[in-house]
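Q: Everything in the sequence shown is counted per the UniProt record's numbering, starting at 1 for the first residue and increasing by one.
Be a bit skeptical, because a hint or two may be false.
[Claimed, not checked] The following label-pair restraints were derived from C-beta to C-beta distances:
{"hint": "1", "residue 1": "SER99", "residue 2": "GLY124", "range": "27 to 35 Å"}
{"hint": "2", "residue 1": "LYS118", "residue 2": "ARG54", "range": "31 to 39 Å"}
{"hint": "3", "residue 1": "PRO56", "residue 2": "GLY109", "range": "17 to 25 Å"}
{"hint": "4", "residue 1": "ALA40", "residue 2": "SER72", "range": "24 to 32 Å"}
{"hint": "5", "residue 1": "PRO37", "residue 2": "LEU80", "range": "28 to 36 Å"}
{"hint": "6", "residue 1": "GLN98", "residue 2": "GLY69", "range": "31 to 39 Å"}
{"hint": "7", "residue 1": "LEU80", "residue 2": "LYS118", "range": "14 to 22 Å"}
{"hint": "8", "residue 1": "ASP53", "residue 2": "ASP75", "range": "29 to 37 Å"}
{"hint": "9", "residue 1": "ASP111", "residue 2": "ALA52", "range": "18 to 26 Å"}
Simulated from the structure, these hints should not be mistaken for laboratory data.
Heads up, the beta-carbon is just placed ideally off N, CA and C, and yes, glycines get one too.
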Amino acid sequence: MPPQGSARTRCGASPPSPARGSSSASVAFGAMLEALPAEARISGCVETETAADRLPLRHSDRLDWLTRGGSSLPDGVRRLAPEPGGVAYVAGEARTVQSVRQLLVRELGWDRRSVLTKPFWAPGKRGLE
């Protein structure tokens, strides 16, 4: 069964909308990718435990898939080096989300208001979903 859910995205004539997240973000990204028009320009990376954990997402061929234990999600984002502009969606484990947000804003020059984050979980915490 493909990811289910709903999402609102900011589309327009802006540069590609990058999506970055851990495997816990795959379902949210699935809903976001479904909401995008076919001509939308996107880029991004998703980290999963194994290659078998990759979900069949629409536009998944436009994403870099990272396997945990290899490159970290921040390293994957750094390799993509997305130019500021558009909207970046970052979701997953809270510390990783914070790290990727800081990378985009501090190192790559993104406006903090253009980096939308959703921490889904943190070790020992409840209520982030």
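Q: Would you say the C-beta atoms of SER99 and GLY124 sit inside 27 to 35 Å of each other?
A: Check failed, 18 Å falls outside 27 to 35 Å.
Q: Measuring from beta carbon to beta carbon, are LYS118 and ARG54 in 31 to 39 Å?
A: violated (20 Å)
Q: I want to verify a distance hint. Is the separation of the beta carbons of PRO37 and LEU80 within 28 to 36 Å?
A: This hint is violated: roughly 22 Å between Cβ atoms.
Q: Looking only at beta-carbon atoms, does the pair GLN98, GLY69 fall within the given range of 31 to 39 Å?
A: violated (21 Å)
Q: State, for the Cβ atoms of ASP53 and ASP75, whether the hinted interval 29 to 37 Å holds or is violated.
A: violated (19 Å)
Q: Can the suggested window of 14 to 22 Å be confirmed for the beta-carbon pair LEU80 and LYS118?
A: holds (19 Å)
Q: Quick check on a hinted range of 18 to 26 Å for ASP111 and ALA52, using CB atoms only.
A: Distance hint for ASP111, ALA52 is violated at roughly 37 Å.
Q: Taking the CB of PRO56 and the CB of GLY109, does the distance hold inside 17 to 25 Å?
A: Distance hint for PRO56, GLY109 is violated at roughly 34 Å.
Q: Given the range 24 to 32 Å, decide if the beta-carbon distance of ALA40 to SER72 lies inside it.
A: holds (27 Å)
The structure does not agree with the numbered hints 1, 2, 3, 5, 6, 8, 9 stated previously, though it agrees with the rest.
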